[in-house]
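Could you put together the complete structure from these sequences and hints?
2 protein chains.
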Amino acid sequence: MRTIWSLLIIGFLFNAIQVPCFAAPNEESHLLRLMPWPVSLKTGSGQLAIDTSFSVGITTAGDTHLQKAVSIFLDDLRRHTGMLPLDFAITDPAKAQLVVSSERPSKLVQDVGEDESYALEITSSGATLNAPTTLGVMRGLQTFLQLVEITPKGFAVPAVSIQDQPRFPWRGLLIDSSRHFFPVDVIKRNLDGMAAVKMNVLHWHLSDYQGFRVESRRFPKLYEMGSDGLYYTQDQLRDVIEYARDRGIRIVPELDMPGHSTSWFVGYPDLASGPGPYSIERKWGVFDPAMDPTRESTYKFLDGFVGEMAALFPDQFFHIGGDEVNGKQWDANPKIQGFMRSHGLKNNADLQAYFNQRLQKIVAKHGKTMEGWDEILRPDLPKNIVIQSWRGPQSLADAARQGYRGLLSSGYYLDLMSPASQHYQVDPFADGAASLSDAEKRRVLGGEACMWAEWVSPENIDSRIWPRTAAIAERLWSPQNLTDWSSMYERLDEISTWLDAYGLTHNANYDLMLKRLAGSVDVSALRILANVVEPVKGYSREGLATTEPSSRMPLNRLVDAAHPESVEARHFSALVSAFVSGQIKPGTEAQLRAMLLQWRDNDGKLRPLIDKSALLQEVAPLSQDLASLGSAGLQALDYLASRDKAPEDWKTQQLSLAQQAIQPKAQLLLMVTDPVQKLIQASAGETPTDLPIPNKAAE
Amino acid sequence: MRTIWSLLIIGFLFNAIQVPCFAAPNEESHLLRLMPWPVSLKTGSGQLAIDTSFSVGITTAGDTHLQKAVSIFLDDLRRHTGMLPLDFAITDPAKAQLVVSSERPSKLVQDVGEDESYALEITSSGATLNAPTTLGVMRGLQTFLQLVEITPKGFAVPAVSIQDQPRFPWRGLLIDSSRHFFPVDVIKRNLDGMAAVKMNVLHWHLSDYQGFRVESRRFPKLYEMGSDGLYYTQDQLRDVIEYARDRGIRIVPELDMPGHSTSWFVGYPDLASGPGPYSIERKWGVFDPAMDPTRESTYKFLDGFVGEMAALFPDQFFHIGGDEVNGKQWDANPKIQGFMRSHGLKNNADLQAYFNQRLQKIVAKHGKTMEGWDEILRPDLPKNIVIQSWRGPQSLADAARQGYRGLLSSGYYLDLMSPASQHYQVDPFADGAASLSDAEKRRVLGGEACMWAEWVSPENIDSRIWPRTAAIAERLWSPQNLTDWSSMYERLDEISTWLDAYGLTHNANYDLMLKRLAGSVDVSALRILANVVEPVKGYSREGLATTEPSSRMPLNRLVDAAHPESVEARHFSALVSAFVSGQIKPGTEAQLRAMLLQWRDNDGKLRPLIDKSALLQEVAPLSQDLASLGSAGLQALDYLASRDKAPEDWKTQQLSLAQQAIQPKAQLLLMVTDPVQKLIQASAGETPTDLPIPNKAAE
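Sequence order for the protein chains is A and B. Residue numbers for the first sequence follow the numbering used here, so the first one is 1 and each next one is one higher. Residue numbers for the second sequence follow the numbering used here, so the first one is 1 and each next one is one higher.
Please note: incorrect hints may appear among the correct ones.
Stated by the list, open to error - Here are the computed lysine-lysine pairs in the BS3-like style, where the Cα-Cα straight-line distance is at most 25 Å:
#	chain 1	residue 1	chain 2	residue 2
1	A	Lys153	B	Lys605
2	A	Lys585	B	Lys605
3	B	Lys188	A	Lys188
4	B	Lys153	B	Lys221
5	B	Lys107	B	Lys383
6	A	Lys605	A	Lys645
7	B	Lys107	A	Lys605
8	B	Lys107	B	Lys188
9	A	Lys605	B	Lys585
Unchecked claim - FRET-style restraints, in silico, Cβ to Cβ:
#	chain 1	residue 1	chain 2	residue 2	range
10	B	Asp185	A	Arg104	50 to 60 Å
11	A	Lys283	B	Asp185	28 to 38 Å
12	A	Asp690	B	Gly46	48 to 58 Å
13	A	Ser342	B	Asp75	30 to 40 Å
14	A	Pro382	B	Ala311	41 to 51 Å
Unchecked claim - So the derived list for chain A, only partly shown, Cβ under 8 Å to chain B, looks like this:
#	residue
15	Ile150
16	Thr497
17	Arg570
18	Leu637
Rather than coming from a laboratory, the hints here were simulated on the basis of the structure. Glycine included, C-beta positions come from ideal geometry on N, C-alpha and C.
Take a look at the structure:
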């Protein structure tokens, strides 16, 4: 449990907590639930009360975005305090506790690179938030919200002085609505979460093999035949775009082409390079269908379609995908081969480059800037396009050197189930990018967390996005030298709970899914197991599947409910690490014993639930492994307590057990295996070593 | 944990489980999570699998309501199984696992008394659902859903044969959107809950002193000035009405008059009997403002207004409120007094009767049937009006004898925080109504659970409505002789979890509110206390308030988070009752000891949370009381185990502690006090007695 900040700031009057302190977290820096952490923060003394009469004054007249931002802020403040609509108000700045000013409105259509800086000053008598633009005010209001705490005197914010601005102008989240469809309410609550951690781009992946999700009035067969009825109407899209804009978030649509486009061809088979008919793809992977880049009718279609989309989506950028064309349809089509010969196109990459050049002109004609994945980068495209890298920082650096702006997504793939710490250490300026010139560095716009949707449904998508995305948001906003995982995790655990107030379901649906799995109201035994497992990492889930995965496969197993990162395993691991390295606080051993004992005895309690549920039968071996690890860990503690070294044969046997326990079962990994191995090794007088997690580095 | 039904139905082939069995619950009847319990149920052998290829066939062509009902059913089935949109289908009846037929469509505008009966036959090879009307199909589909279980072979429904029909045609829930406002999503998820337990009327209390919540285009100042901007647009209302209709639920609007009407007068002060100006009422209670029944302009206004509402709300019934006119404005207005004299109206009741006669003609002119609370009942009104009784079954019986149709709400007030068992024993045919003739009994249409909204917000309203309303729904649907509380509670606990799938927040928001109260992620110690307290009963919260309650008062205290009925206290109480009466199963004493020990030791763990939260300071005495009760209970168990009678002075001291512990603190009651007293008494060789719960019988 956190000690409250108010006890600790007594006696400090605006002590600087600059970022360098963060590398060695001190007491003060731990106590504020801020994420992303601001560039500069000084704590003061005292606090400003937030009671029912709290009010905000706006000194800037006539900025409707600002007015709306403050209204949304007050709604959010009500969520976080349990206040009601009649509490709080927008009033005369002379009477307000918080006075908000922006020098100028942000642009009507939000643009990349607009100033998002702000200055927030809070004393016990009042607060001011000043920013050059309305966007900066939005960011500062989120910081204010995160500072709200219950204290012995009521809700309050501590006296602080904050100067803040983002490191990168593009801090995005990709949501793939094609492989599975996510209704508008799912998108909106995730926009709330994004705003809370100061992200500013929703990259909306709206078409792929498995579904075309946008209503097109010009080409209605796209959604009528390509979506199974699961698509966004234009009214819904406009509503979501406005919702995002009100929170300082741009929406960049991605309509993936010329590959990843089977769903287009169901209604319009003439667009494709192979003979039809086509049906919506139900499986996962890379498939053959691709647009025919050699026919003028393709470009005529795309001119009409891009024109319609350009009017619907106000953002400057239009993402054309452009990734993973396997070329098989092109190879098999004699007319296309003839076209390539007659146009001097040596290979499929040349053909795609030809397509991209044509498409870029169409996109530009409709007033948009083209964006695409790594593959589109060819020197024959104009320098204003933006490259999104799924290949890595080196690819991003290469693009920057060639004069192209770019975004990093490699290392931020949420579907790979990596721990937040792994994402947190991925930096757009790492590797090859470190040696870029300042001018080249400015071309690195930022990055995007990517929520590819093979294995997510509306029920569990939030749990794949949150809280890990908050760590990526911090990487993209806060200074590069902010790299302390333990501070990050401490705040991440808090932010995870704090995000619940927005209706995000990453925590709420966990219990609901466990109860459904067990068909039981009391799932305490299942929760004990679920709390220490994680889905397998990287792309190994496909490989471990016993039936061929498809979009009709229910996502209702334990692997779908389990969090991508086990908080309990992390805590246990930290306790063990401290214990085996001799940093033993009073109670550490008792804590370890209690956990191990619970695991050892859990299998007997879980068994009746497993026996009655077809969905749980696959987790029986995991439950047995957990029991074995509990026993092994307890024995190791006994050896350590007795100061007798554990016998060699016992050690060998237990380490082999650990080797077996870390193998994926039911597409899950038992995450306490590694720390138990460390206890076993320590009890045998060995230096503990890490147990490699299968596929951990697959990303 | 429940034993699954499938193990138990082996060997039974359509064994009748008629309702009389229920009075003495047997193994079979416990195992089906059905609520309301059907009129006739026979279990068969085997089960029908529900896998991704499950499909429904509809034999009745051209009934769009039926088509939609089946679509909604499939969506609900997906929620309860974790299946996805591409799973399940509506297909050719010849190929379908479930074949649905209705003899005729239900009426376009749903009417009171339409046939809601159905017959559901499930065998291992298929299922049929037959009903005279589409409404009956809807009810039967809900039964099918409640039968869905995870089994060792996957999701399935057991072989059953069910004949079912409701006891009363009017099974309602009143939601008061005036005292606090509830956005459309709150209403919709509660409609889902209502449909799940076969309720068929949402009585929507849309105006009162504290707010006018309907957009009126004819009289826009009603909502512009009377709602603080918190109102339903006509588009929203039409949307909710359709949503309800799709689920077989009628919406009856209540616009309360001539009293309970301050919010009308803010925009239209000339309607009132006293001089203005008026402002929206912020406090709770009965207030003076009332319409002026003596002016023709009042009736002209109401003619226009009722006409507009009659067109907006399709239901046959229009609820005019009519309750609690204190008459003070009438007494104080010389013109009104003169009118009464000149018209021979002897008192205010006569004047209100005059108003009601005039209003009834207006309501009838616009094609509607008038409904109102007890007070409107006067023999001079036509017999087709409906009386809603907040006074009790006797009042309802009196109305029936006079030829009026009526509804019972007395005994079903959810805001009084009574246990489900108390609501469950309230029957519209109790007391005076028992002696009604059959014809008179038919005038008793049913009843309504009432969610008055002084103490509820969008955040906690679900927890006041659910799961207790499911017990009331069963009372109004199932046979009168179904009265076994323990069976009811066993199913209620299951239904509570099952309702989570609809996004109802009665369980999900509990933790969220506790975490906000504590400002902490780890609230285990607070949860231990919260799990055994309940809000004070009846109307005592107002009396115990330290500051005058109002609609601006945040509802963010422990009393607002605590469930109206503590499941844990009920379980502990049942264990103690069994224990002191000598029905000791193995493990009972250990269970009791574990609970008491947890309570005894909890105060030390909760204290740090209390110390840092202004909102928790008021619960410190409760926490101390819980610790004392834990100690006392443990000592009592020790005496019982030792077979030494507890000493007299110890007993006296502990009983006085219990007397003190049962007193309300922080507007909460410590619900384990009574069973701990029983342990103390038993340990001293006394016969255990009940400890009266303050205000328990206030309803």
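Contradicted hints - numbers only: Those not satisfied are hints 4, 6, 7, 10, 13, 14, 17, 18.
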